[in-house]
Structure formats: structure tokens, C-alpha cells
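Undergrad: Model the full assembly from the supplied sequences, consistent with the hints where possible.
Using our numbering, you'd call the opening residue of the sequence shown number 1 and step up by one each time.
No lab work stands behind these hints, which were simulated from the structure alone. C-beta: ideal position from N, C-alpha, C; glycine also. Treat the hints with care, as some may be off.
[Said to hold, decoys possible] Here are the simulated EDC-like cross-link-like pairs (lysine to aspartate or glutamate), alpha carbons at most 20 Å apart as the crow flies:
#1 K158 x D183
#2 K49 x D96
#3 K19 x D251
#4 K63 x D42
#5 K63 x D96
#6 K19 x D42
#7 K49 x E35
#8 K49 x D65
#9 K49 x D62
#10 K158 x E178
[Claimed, not checked] So the derived label-pair ranges between C-beta atoms look like this:
#11 G261 x P222: 51 to 57 Å
#12 V174 x A107: 37 to 43 Å
#13 P222 x A275: 36 to 42 Å
#14 G416 x A113: 45 to 51 Å
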Amino acid sequence: IVYCLTVAQAEQVAAALRKAGLEVRAYTGQTDPAERLECEADLLANRVKALVATSALGMGFDKPDLGFVVHVGAPPSPIAYYQQVGRAGRATARADVFLLPGTDDAAVWAWFADQSFPGEEAVRATLAALAEADGPLSLPALEARVDLRRTRLESMLKVLDVDGAVRRVTGGWVATGEPWTYDAERYARVAATRRAEQEAMLAYARHDGCRMAFLRAQLDDPELAGGWTCGRCDGCGAPFPDVAPDAAAVDAARATTRVPGVEVLPRRQWPSGMAALGVEVAGRIPPEEQAEPGRAVARLDGIGWGQALRALFAPGPDGEPADGELPADLRGPVLAVLAAWRPAVEGVVAVASDARPRLVEHLAAGVARHLGVPVVGRVAPRPGVPAGRHDVNSATRLAGVWRRLALDLSPAAAAGLPGRAVLLVDDRTDSGWTLTVAARLLRGAGAAAVHPLVLAVG
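TA: Structure representation (C-alpha cells):
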């Protein structure tokens with residue numbers, strides 16, 4: 001098994017290994033359940049060399065003759081690491097385990113930690129919404145009432161179900177009316193434990209002694225004697241294979257993982273319950289209001305160009321977004337995406353940015369110059385409408401974008417827009433609602449097609 005921290009990384013590593021001639025399959029939380037079973041069967045029968053997996057490949061999988069476990073990026077705790085590497089060598093004389101920690105591991109851990117149990121205000125708002133409803137509320141209906149993303153909302157409801165505060169019924173969720181107390185001390189302890197586990201994992205990566213002794217100590221193994229060593233790990237000085245790859249292998253892997261270009265699929269459906277947020281849309285988005293499939297240079301949580309993009313979008317020393325012209329090392333990838341994609345457009349429209357105005361303006365101008373078409377205008381914030389947060393659920397994000405965005409075109413540009421296809425340029429997309437609303441505005445003004453181009457997805 002080759003473990004990765006994110007879906008994007010698992011898919012990229014699997015693609016690189018396949019290109020190198022190895023028979024592997026990606027296995028993640030986004031893999032179809034039937035395909036997951038196929039992947040497991042293939043590995044059990046040795047029809048594949050490895051599965052490149054996220055933690056979705058969990059405790060239920062057992063292959064006694066598993067010969068190796070490689071981690072591309074460290075898991076967030078020694079316990080998780082021990083459980084995963086413990087799958088190797090259960091019925092073999094030898095098994096190899098390698099940890100390849102990444103410079104971005106802590107940032108990935110922090111993102112997953114942010115998806116933990118919400119604060120008391122969000123929990124109370126959820127309970128109030130359920131109590132005030134005339135009947136059960138589905139997850140989409142709750143999303144329109146509570147400022148939590150779908151996966152986090154569902155996880156919270158499951159905890160509240162165990163606590164007896166809510167109950168799952170046909171049609172969704174209902175409040176039971178039972179008294180419930182937010183255990184702030186408990187959640188603080190959980191957060192402190194999580195931080196301690198992450199520090200221990202960093203210490204494990206730096207450790208120059210026996211690695212198994214370190215892990216056993218973290219597990220509070222009562223049978224661990226002082227001075228015990230396994231005699232088999234690199235820290236014990238055991239014979240270690242030469243794992244330095246040759247230059248050609250490094251170049252091939254880099255070439256595979258640094259191919260720019262990720263498809264950005266348009267939104268096809270409005271979230272449920274938007275009327276409750278003051279936005280009168282529902283159901284499928286009419287085709288005449290939709291964007292075309294777009295492109296991004298890379299995913300923010302990927303390897304290769306994802307690393308350069310994470311550096312670009314990292315806050316500055318003052319904690320505020322860093323702004324400036326598009327870095328020189330990212331200009332080539334943008335042009336490569338355009339060359340492979342070849343969108344037939346007659347103008348460029350920029351999505352004006354409060355956080356990084358120079359970056360978006362420079363990107364739009366450079367792309368327009370390269371394509372030989374004009375920048376015809378912007379989709380810009382309405383005056384006095386504050387910027388919305390990005391760390392909210394789909395319905396809340398759409399409502400904020402809907403109220404905020406408007407077309408900013410000169411009379412001449414507006415008159416020339418009908419019947420023309422345009423390239424819609426933004427720095428990044430996550431929920432997809434900025435691109436969706438911007439495309440709807442442009443299509444409503446007569447644009448024949450809107451092709452989104454962004455630097456990053458995620």
C-alpha cells in the first residue's frame with residue numbers, strides 16, 4: 001500500500017506509478033464503493049502491485065502477505081501510522097515500511113482538524129432550526145439554515161444522535177427536545193490531544209533511535225522494557241537498502257506530477273432551500289445560464305504545481321493575503337494549459353478580487369495578450385457589499401456571492417458581448433459559486449459561452 005494524505009495526491013501518485021510501468025490503482029473516499037471492492041480484490045489476488053490510498057483504506061482490509069507500506073506524507077498521529085504500517089508483513093518473513101514526510105503535512109493536518117466538531121453557536125443554531133421546523137429536515141434543507149458544510153454538518157448530527165439530542169427519521173433529522181449540554185472541556189481536550197499527537201509524529205520523523213521503541217512508547221505499551229530496541233529499523237543501524245532514485249526516475253516522476261491542467265466542471269444544480277436565504281433559485285441551472293467546463297493549473301491539495309500554488313496563496317507575514325503579479329514560474333503552466341485546451345474565445349473577463357487584485361488583473365491581461373483578444377471588462381463586487389467567507393456551506397456561500405457580484409462592463413463592451421464567447425479569469429475556485437454566478441451574469445448579458453480559467457482548485 002502507498003498511503004497519501006489527500007485524494008488529489010493519491011490520484012497523482014497512482015498516475016505517476018502507472019506511467020512508470022507499475023500496475024497500481026487509486027483508492028480514496030471518492031472511489032465508487034463497487035470499484036473499491038474491485039481494488040481490494042485485485043490487491044488480495046496480487047493482480048496489482050499496490051493500491052495508492054488515502055485513509056479510506058481502513059481497518060477492515062487484511063492482506064497477510066502484504067510486502068510493503070509507503071507513506072507519501074505523514075499521517076497526523078503515531079497511532080494512525082502504527083495501525084497503517086501494521087498491515088505489512090503479518091504472514092511474511094520480511095516487509096518494508098518507508099515514511100516520506102512532506103513539507104506540507106502540518107497544513108493538511110490543520111485542514112482536517114478544522115473539520116472537527118463545531119463550536120457551540122453552530123450546534124445551537126442546528127438544534128434551533130430542527131426544533132422550529134414543521135417536520136424532518138434533510139441535510140440540504142439544513143444547509144440553507146446553518147452555516148456548516150455538508151460533511152461537517154452530517155458528522156455533527158451523528159454525534160448529537162448518539163447524545164440523544166437529535167434523531168434520524170424518514171425524510172431527514174428531527175430534534176428530540178432532550179436537554180443537551182455543549183461539553184467545551186471535552187472538545188478542548190480532544191483538540192489538545194490532537195495537537196500532541198501531531199507533535200509526536202513530527203518527533204518520530206526526526207527520531208534517530210529505534211523507531212519501533214518510539215511507537216510502542218506512544219502506545220503506552222506496558223511490556224516495553226527500558227533500553228529495548230527492535231534491531232531492524234534504520235535507527236537501530238540495520239542494513240538499509242539504497243533508496244536514492246536515479247536522475248532519470250526523478251525527472252520522469254517530476255514530469256508526470258507537474259503536468260498542468262485540471263478540468264473544472266461547472267455547477268449544474270442550485271442548492272436546496274435557497275429561498276430561505278433570499279435567493280429565488282431552485283432545481284437545475286438552465287443550460288443557457290451555465291458556464292462551459294473550465295480549466296485550472298492544478299489542485300491546491302495536490303503535488304507538483306499544487307505546491308507552488310500553495311506558496312502563492314499562503315498569507316503574508318502580516319497574516320493578510322499576499323498580492324502581486326503572477327510569479328514567473330507559474331506563467332509557463334498557464335500557457336501550457338491554454339495550449340492544450342485551446343478555448344475559442346473573443347474576449348477575457350476578470351473576476352475582480354478584494355484579496356489579490358493585482359494577481360487577477362495581471363493574469364487576465366497576460367492571458368488576453370497571449371490569446372490576442374481584449375480584456376472586455378470585469379465581474380466585480382457591488383459597492384458596500386462585504387466579502388463573504390469561504391469556509392461556509394454551499395448554500396451560504398452562494399447567497400453571499402449572489403448578493404455581491406455584478407457585471408462591470410463599458411457600454412461598448414456590453415454592446416459587443418451578445419453572441420461572443422469569453423474567457424472568465426479568476427485566481428482560484430473552491431465551491432464553484434463565484435464562477436457559476438459570474439457565468440450566469442455574462443450569459444444573461446448575451447455571451448454565447450463562458451469558459452472559466454483559474455490558477456487553483458480547492
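Undergrad: Run every hint past the structure and note whether it holds.
TA: Do the hints match the structure? See the list:
1. With a CA separation close to 16 Å, the supplied pair K158 and D183 stays within the 20 Å bound.
2. In summary, the hint linking K49 to D96 is supported, as the alpha carbons are separated by about 14 Å, within the 20 Å threshold.
3. The hinted pair formed by K19 and D251 meets the criterion: a straight-line CA distance of about 12 Å does not exceed 20 Å.
4. Restraint check for K63 and D42: the C-alpha separation of about 11 Å stays at or below 20 Å, so the hint holds.
5. Distance check on the hinted pair: K63 and D96 sit about 15 Å apart at the alpha-carbon level, within 20 Å; holds.
6. Proximity of K19 to D42 is assessed by CA-CA distance (about 19 Å); at most 20 Å being required, the pair is judged to hold.
7. For the suggested pair K49 and E35, the alpha carbons sit about 17 Å apart, so the restraint of at most 20 Å is met.
8. Our distance criterion of 20 Å between C-alpha atoms is met by K49 and D65, whose separation comes to about 12 Å.
9. In summary, the hint linking K49 to D62 is supported, as the alpha carbons are separated by about 16 Å, within the 20 Å threshold.
10. A hinted pair counts as satisfied when its Cα atoms are at most 20 Å apart, and K158 with E178 qualifies at roughly 15 Å.
11. Range check, G261 to P222: Cβ separation about 53 Å, and the 51 to 57 Å hint holds.
12. In this structure the supplied range 37 to 43 Å holds for V174 paired with A107, their Cβ-Cβ distance being about 38 Å.
13. For P222 and A275, the hinted distance range of 36 to 42 Å is not satisfied, since their beta carbons lie about 60 Å from each other.
14. Checked against the hint of 45 to 51 Å, the pair G416 and A113 passes, with Cβ atoms roughly 49 Å apart.
In summary, the one numbered hint that this structure violates is 13.
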